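Please construct the entire structure, taking both the sequences and the accompanying hints into account.
There are 2 protein chains.
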Amino acid sequence: MENNFVFMFDQSESGMKELLGGKGANLAEMTRIGLPVPYGFTITTAACNAYYDAEKVISPEVESQVLQSLQVLEEKTDKKLGNPTNPLLVSVRSGAVHSMPGMMDTVLNLGMNDETVKGMAELTNNARFAYDSYRRFIQMFGNVVLDIENYFFEQQLEEIREEKGYQSDTELTAEDWKEVIEAFKSIVLKNTKRSFPQDPKEQLFLTIQAVFDSWNNKRAILYRRLHQIPGHLGTAVNIQSMVFGNMGEDSGTGVAFTRNPSTGESKLYGEYLINAQGEDVVAGIRTPQPIATLKDEMPDVYQQLVNTCQLLEDHYKDMQDIEFTVERGKLFILQTRTGKRTAQAAIRIAVEMVKEKIMDQREALLRVDPDQLNQLLHHRIDPEYKREKLAAGLPASPGAATGQVVFDADEADKLSKEGKKVILVRPETTPDDIHGIVAAQATVTSRGGMTSHAAVVARGMGKACICGCDSLKIHLDSKQFAVGDTTVNQGEIITIDGSTGEIFLGEIPMIEPELSDEFQLLLRWADEERKIGVRANADNPTDAAKALEFGAGGIGLCRTEHMFMDASRIPTVQSMILSETTTERKESLDQLLPMQQQDFEQIFETMQGHPITIRLLDPPLHEFMPDKEELLVDVTKLQITSPDSNELQEKQTLLRKVRLLEESNPMLGLRGCRLGMIHPEIYEMQILAIFQAMSNVMKKGITVKPEIMIPLVSHVNELKEMRELVIRISQHVQTETGLAFDYLIGTMIETPRAALTADQIAEEADFFSFGTNDLTQTTFGFSRDDAEGKFLQHYVDSDVLKRNPFVSLDQDGVGKLVENGVKLGKATNPALKTGICGEHGGEKESIQFCFDLGLEYVSCSPFRVPSARLAAAQSTIRSERKKSRKEPQYS
Amino acid sequence: MENNFVFMFDQSESGMKELLGGKGANLAEMTRIGLPVPYGFTITTAACNAYYDAEKVISPEVESQVLQSLQVLEEKTDKKLGNPTNPLLVSVRSGAVHSMPGMMDTVLNLGMNDETVKGMAELTNNARFAYDSYRRFIQMFGNVVLDIENYFFEQQLEEIREEKGYQSDTELTAEDWKEVIEAFKSIVLKNTKRSFPQDPKEQLFLTIQAVFDSWNNKRAILYRRLHQIPGHLGTAVNIQSMVFGNMGEDSGTGVAFTRNPSTGESKLYGEYLINAQGEDVVAGIRTPQPIATLKDEMPDVYQQLVNTCQLLEDHYKDMQDIEFTVERGKLFILQTRTGKRTAQAAIRIAVEMVKEKIMDQREALLRVDPDQLNQLLHHRIDPEYKREKLAAGLPASPGAATGQVVFDADEADKLSKEGKKVILVRPETTPDDIHGIVAAQATVTSRGGMTSHAAVVARGMGKACICGCDSLKIHLDSKQFAVGDTTVNQGEIITIDGSTGEIFLGEIPMIEPELSDEFQLLLRWADEERKIGVRANADNPTDAAKALEFGAGGIGLCRTEHMFMDASRIPTVQSMILSETTTERKESLDQLLPMQQQDFEQIFETMQGHPITIRLLDPPLHEFMPDKEELLVDVTKLQITSPDSNELQEKQTLLRKVRLLEESNPMLGLRGCRLGMIHPEIYEMQILAIFQAMSNVMKKGITVKPEIMIPLVSHVNELKEMRELVIRISQHVQTETGLAFDYLIGTMIETPRAALTADQIAEEADFFSFGTNDLTQTTFGFSRDDAEGKFLQHYVDSDVLKRNPFVSLDQDGVGKLVENGVKLGKATNPALKTGICGEHGGEKESIQFCFDLGLEYVSCSPFRVPSARLAAAQSTIRSERKKSRKEPQYS
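Chains as they are written, first to last, in the working numbering: chain H, 6 to 896; chain B, 6 to 896.
Simulated from the structure, these hints should not be mistaken for laboratory data.
Only a predicted model underlies this, so the values are computations on that prediction, with no experimental measurement involved.
Accuracy of the hints is not assured; some may be wrong.
A pair counts as met if it fits within one copy or between any two copies, since identical chains are not told apart.
What the hints assert, rightly or not - Below, a list of computed lysine to aspartate or glutamate pairs in the DMTMM-like style, where the Cα atoms sit at most 25 Å apart: (1) 807 to 726; (2) 656 to 634; (3) 223 to 120; (4) 642 to 667; (5) 662 to 632; (6) 662 to 589; (7) 195 to 180; (8) 725 to 58; (9) 633 to 668; (10) 795 to 628; (11) 422 to 585; (12) 795 to 668; (13) 84 to 497; (14) 322 to 423; (15) 419 to 585; (16) 223 to 729; (17) 633 to 423; (18) 190 to 824; (19) 725 to 817; (20) 849 to 176; (21) 725 to 793; (22) 422 to 668; (23) 831 to 817; (24) 223 to 154; (25) 591 to 571; (26) 795 to 585; (27) 662 to 423; (28) 484 to 393.
Shown next, in the form of structure tokens:
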């Protein structure tokens, strides 16, 4: 055998996760450490890739290895697949390298057919169980493998139930199930034009193929895209002998987390259902019981579970998410994996595991995903606000959200794309609803528990979620839900709190988030480790204060145009722009000067000596002007209705001026330092405002460290001229006030040419700040405004681009320019300070990249500062580990 | 003496042109070879730069060296500056490294004052001459050094003339001139609040300073910008003892070219004035006599001049432009320089000098400026057209032009900026009119000869010019000119032919240019030398035929969108764009297919096997749509006037669709291959049209070599996907027709990212064509449409950018990307073909750059092909000479 495509659970070795997938590797690992795992084998991801390479054909080699392994399994269990008297039943589950909950498909009870069902009935002395299991198999196989909509089976079952006058499935007898089985087989025949396959080996290979196929279904591709998982990894398939949680009241199935995945509390957490199979818990159809009650119902099993959880956490040194089944009082562990958790839980677990000496601080820092932290830094419901609760469910994923109610994932997706905020309300969710959960601010379900599909997915995304809110009576047909007498229609606004499970009518005020003690501690550890600065982008004193609160080391980008945009200033700004002469323009600028100066004074006072990078006016002037189309419509109307009016004349004049400012590609037009070159009086006013503010604040005994940044330089001569302007005005103010200023002059590197000629530019610059938003636009030739709506999404969806380059820095292209810019810049000016102030400054992979290039700081929005501090620490730790060639595996 | 800032004419050595300037170096050279040059000395360009470095102060060191040299001059001439009985008079002239005719200022007769004029009168026994010379000196010094408008002097002179009832200056007596002198001195006193300086040394240093200052006057800066002369070179100053062409009828002054600068004919060519000073010829105030008549008037002098010309041409191995003066029958050579010439003359001279064995072919190729050739390739007046001549003057610079008459340089400049074509008509031109000559299509003067200011400047620019057309009676006040009974007002259209000197009323049809035999020969020599291909950008069979005629080796850029723009196709194109479904769109595309196919068939047949690079659709779709503003105005009007009309509804629908296509930065939006990615059916149609056309033309036995080019690629995956599309369709057509196609698939490199990741992209490409227009836009972040109107001109004017990067490739920035692209591309795909198809493909410096990078070809508009062939040959020759370390000096 040249390639080993199949491994028995006790045959594989550690470190084979790439081949066995996460689930398979864990099953093998658990088997090795002696846990009660039902025996089985894993078909490797290599077999999956071979399947795709062979244009979706399972090779004879793989087939024969599967059959050989099946034989081993049969020998070990002393049962035989398809044997009428002693049948082996197996589960078939996918298991990719990265855990992809709900994405891939599972088939249980495989091996059931018209003969083996009888044997099972006899063997277990439980005909009802046997026929129930058989119908479950037909339904699952029919849905997953044969692609028949579940709806047909559910409808059929409902009909029979109604016919018999039953309220729930538990009332169905063995005979009833036989009737259901026949009906289900008809559904299969009708939908596939073939009888339900009776040959268990045919069942097995069809299912393996279905698992392989599901690797490339739409949901899986969407999930991979959301989580940046490469498409070439493939999935493994796990074949495991069945154990049954549905063999009566001494059986059951459940899910346990070794710690609370929502809060992080170190206490066994989970749910179970008596007399049920595994899928019942996750699917959220029946609402399960909390794990604590198992202690009373099955004390031995509970204790065994507690011990196993401890063993697994000790072994994996991380919080585990465990699936278990109790078959007639005996505990089996079906699966363990690193448990998904909220940001809050991730932080608490990491911090507590350090206290428990399970790991050190550096390891703890690596265990928290910076991307996740943002969810802790969003607004929450104002606890002071008097409000009345409409309903309450399980607090499945924390966070508060407000939005219009929608009842359908497609609708949620559509409205969200139109810029609306929506809350998805469903009886339960399935993997088909993922795009709706992604699009919605939050999800609410009336059924299902804390480990239901909606809960798991929402927590993974850091989105608020409430589950099992059964007081909600949802009417999908009429698109409304009722709670008591209150009816809420699609489109009405509700507010939810995922941390308490509460639902409110209307919009409720939110308050700013605060950092928990554990979060603060973790960030202090991060600051101890990190070797790259973190600053914030802040344009006003409020943002500046927030930035300091969140631990920013300064302001990396203070955009002065937002100061121009203020409603009370716009008329002055407009008359400045419309000035016919420089003298006229200076008059308007004289009016703006004290306003700008006051802005700067407030920010300087707030920042108390931390450096502040101030970017001079950047956007094209027409952004401050009235809308051209509106003017054109007004003028056209007035020409008909009042052709002699003064109003017409005035609007015509204004329209003419607005047209003069119009540009075909404003992003590449008269903006940035080009404004300063053509209308130096505008920059003069801004520079004067900065230095006068500086002297006023210095007189109060406060240190001020401005770093004046010239935007959109593409040739060193632009910077040279603007630098002279800054120096001239600074000297003027210093002479006037008798103060000595300490400040820097630098530039944004945001055109390819600036990066390519950084050696020349660095000779005139004290610092470079890479403006990677604009640099991405010019390097790709993408206008972000146009690209995102018109083709970028298609590019990402169809894998033309791995990621949206405006979200994660394009290292191959834009990154090369940044690298080049740093290298050339430091070559001619070794004292050059370098940083990044594009949106990428808050994104973990981009931070790693910036750290590796030797940048001094990253700058991001204040709310991303904590996450950036953590990412900065991780970059440092990873790079150091890489250097000492001890790069660990990240799960 | 540490630095030698001053050199006597016989003291300097060859190769000191950088220090002595062109004029100074030539004076020294002529002195060395024994020509009759009035003695003198040159103050170096280093002294000029020292002057600017010292914030416009002449250093004591320079001053003392000047005085020492003056002493040497006094000794040699046996005269003394300021000596009342034996005064030395000198001329002071600027002389930069690059000849800048009319740009810098000259002062003659320096040394004249109230005392020396008397000495001169006695010495020459010609009081009239002496006083005339003195008044000339006051006038010139007053104007050039003291900055008094010439108008004051001219007006004063005119008053006195009228008072006395004289018709011309020659009637003024010595006494009259004395009166003029007193009046001129009053003008000086009134304008400068100081008396006219009587101290000749003060006169001298003030004049030297004025020459230095004139290096940075507006005209000089404009000229340097037009001719790409760096500003740091500085000017030298030549001090030369005066000789006098105005000492009577046995004296005179003139200008001679060793060959005809207009046609290139090898025959002495020039003009002279009897009893005049040099400035009279150039200024164009008196119309001089042709040089041939000198043979009769002063046979000895004429023969001496002929011999001198021969000597100079032999010495410099190039056509010379000589200034001479005859003082009382004795010939003096005042200046020689390489003569400016028309393109036609440049070619003929180069070709004939090879025949005369003065130089070899390679040298001849270097002697013709490729930039100049374009003037030979523009339209000329249709000789078949029956027309009546309005007037005729001297054919001062060849070429034909049509435009509105303007009488003022400012007006010409203004109208030209508004996109109008104008012809500047002036009595004469002065350096103050340069911007008008630049702006106008052609210049006509009623006074002045073939070497007048207008003629020299126009020839240098390759613009048509007619001089000395004295039948034109120009009335500047009423803005009209009259010829006999005909009056032509400002704004009326005339047509002129600079090759014949004819002026016509109205517009006259033009015909396509042809290449002269000499031109053809020169280009054949160029083709023998050049090692880089030249292709043409051509979108239709006419351009393709022109390209072949002008010697293009193929089509480097065939833009398919121009085929879409055809008026008869636009409705179909629009309905294609407006399609709501892919099916609808395909219907419109099916209609376009045969049209595109026919276009390609015609081009393929024309090109007869030469390669044709076809670029698939590139511009954003809204370029094909109706104007949004017009629609908006229509809709607004209809809403008031016919709110219920169908027309309103239709226009509203159209407006909505046009809005959907609208983009904020269309240059960076949905265009190029992004169109092909989002609407593959459009590219499918184009590709099908190409291959079906190919098979049809191949069936006629004609070879077809299409090179299909995918535009605006920024990521290799875009090219990969489009490449697959091309291959799929090509295979389909090959299978259908049974033909085997030979074709290439490549891409434009026109985004920085494409250049930065060229190694990846080259793996999917057979060729790269650098689209340096768009690459310049994205690298600088300049939208050409916006930049050129709003700030680029300012950048070039104020030296922020040396040249407009859309005209000459920016080697520091864009060039780095091209270099990188070629290097990376050839690294992964050594068979990669590379070329350039931006406008730079026809510009000589850019061609040199492309050749040095190892590009296989350049592509430019058909009319620039001849010039590109020459530039390509020059690149090869220069690079080879550089390699053999024998890089020559280019004058």
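Hints versus structure:
With identical chains, the CA atoms of residue 807 and residue 726 are at most 25 Å apart between copies only, with a shortest distance of 15 Å across copies and 41 Å within one. Taking identical chains as interchangeable, the C-alpha atoms of residue 656 and residue 634 lie at most 25 Å apart whether they share a chain (12 Å) or sit on different chains (16 Å). Within a single copy, residue 223 and residue 120 get their C-alpha atoms no closer than 36 Å, and across copies no closer than 104 Å, so neither meets the 25 Å cut-off. In this homomeric assembly, residue 642 and residue 667 come within 25 Å of each other (Cα to Cα) both inside a single copy, at 22 Å, and across copies, at 24 Å.
Taking CA atoms no more than 25 Å apart as the test, residue 662 paired with residue 632 passes in both settings, with 12 Å inside one copy and 20 Å between copies. Within a single copy, residue 662 and residue 589 get their C-alpha atoms as close as 15 Å, which meets the 25 Å cut-off; across copies the closest is 42 Å, which misses it. When the C-alpha separation of residue 195 and residue 180 is checked against a cutoff of 25 Å, the pair qualifies only within one copy, where the shortest distance is 23 Å, while the shortest distance between copies is 128 Å. When the C-alpha separation of residue 725 and residue 58 is checked against a cutoff of 25 Å, the pair qualifies only between copies, where the shortest distance is 19 Å, while the shortest distance within a copy is 58 Å.
Proximity of residue 633 and residue 668 under a CA criterion of 25 Å is satisfied in both settings, with 12 Å inside one chain copy and 15 Å between copies. For the identical chains of this complex, residue 795 and residue 628 are neighbours both inside a copy (22 Å) and across copies (16 Å), given an alpha-carbon limit of 25 Å. Taking the shortest Cα distances, residue 422 and residue 585 sit within 25 Å of each other only across copies (20 Å), while inside one copy they are farther apart (43 Å). Proximity of residue 795 to residue 668 under the C-alpha cut-off of 25 Å is found in both arrangements, the shortest distances being 21 Å within a copy and 9 Å between copies.
In the homo-oligomer, the alpha carbons of residue 84 and residue 497 never lie at most 25 Å apart, since the shortest distance is 58 Å inside one protomer and 107 Å across protomers. In this assembly of identical chains, the alpha carbons of residue 322 and residue 423 never lie at most 25 Å apart, being 44 Å within a copy and 76 Å across copies at closest. Only between protomers do residue 419 and residue 585 lie at most 25 Å apart by alpha-carbon distance; the minimum there is 19 Å, versus 47 Å within a single protomer. When the C-alpha separation of residue 223 and residue 729 is checked against a cutoff of 25 Å, the pair qualifies only between copies, where the shortest distance is 23 Å, while the shortest distance within a copy is 58 Å.
In the homo-oligomer, the alpha carbons of residue 633 and residue 423 lie at most 25 Å apart both inside one protomer (24 Å) and across protomers (23 Å), since each shortest distance falls under that limit. In this assembly of identical chains, the alpha carbons of residue 190 and residue 824 never lie at most 25 Å apart, being 63 Å within a copy and 68 Å across copies at closest. Taking the closest pair of Cα atoms, residue 725 and residue 817 come within 25 Å of each other only across two copies (17 Å); inside a single copy the shortest separation is 31 Å, beyond that limit. Within a single copy, residue 849 and residue 176 get their C-alpha atoms no closer than 54 Å, and across copies no closer than 92 Å, so neither meets the 25 Å cut-off.
Proximity of residue 725 and residue 793 under a CA criterion of 25 Å is satisfied inter-copy only: 21 Å between copies versus 35 Å inside one chain copy. With identical chains, the CA atoms of residue 422 and residue 668 are at most 25 Å apart between copies only, with a shortest distance of 18 Å across copies and 28 Å within one. For a Cα distance limit of 25 Å, the shortest separation of residue 831 from residue 817 qualifies both inside one copy, at 21 Å, and across copies, at 18 Å. Proximity of residue 223 to residue 154 under the C-alpha cut-off of 25 Å is restricted to the intra-copy arrangement: shortest distance 16 Å within a copy versus 82 Å between copies.
When the C-alpha separation of residue 591 and residue 571 is checked against a cutoff of 25 Å, the pair qualifies only within one copy, where the shortest distance is 20 Å, while the shortest distance between copies is 49 Å. With identical chains, the CA atoms of residue 795 and residue 585 are at most 25 Å apart between copies only, with a shortest distance of 15 Å across copies and 39 Å within one. With identical chains, the CA atoms of residue 662 and residue 423 are at most 25 Å apart between copies only, with a shortest distance of 18 Å across copies and 33 Å within one. In this assembly of identical chains, the alpha carbons of residue 484 and residue 393 lie at most 25 Å apart only when taken from the same copy (23 Å versus 86 Å across copies).
Violated hints for the displayed structure, listed by number in ascending order: 3, 13, 14, 18, 20.
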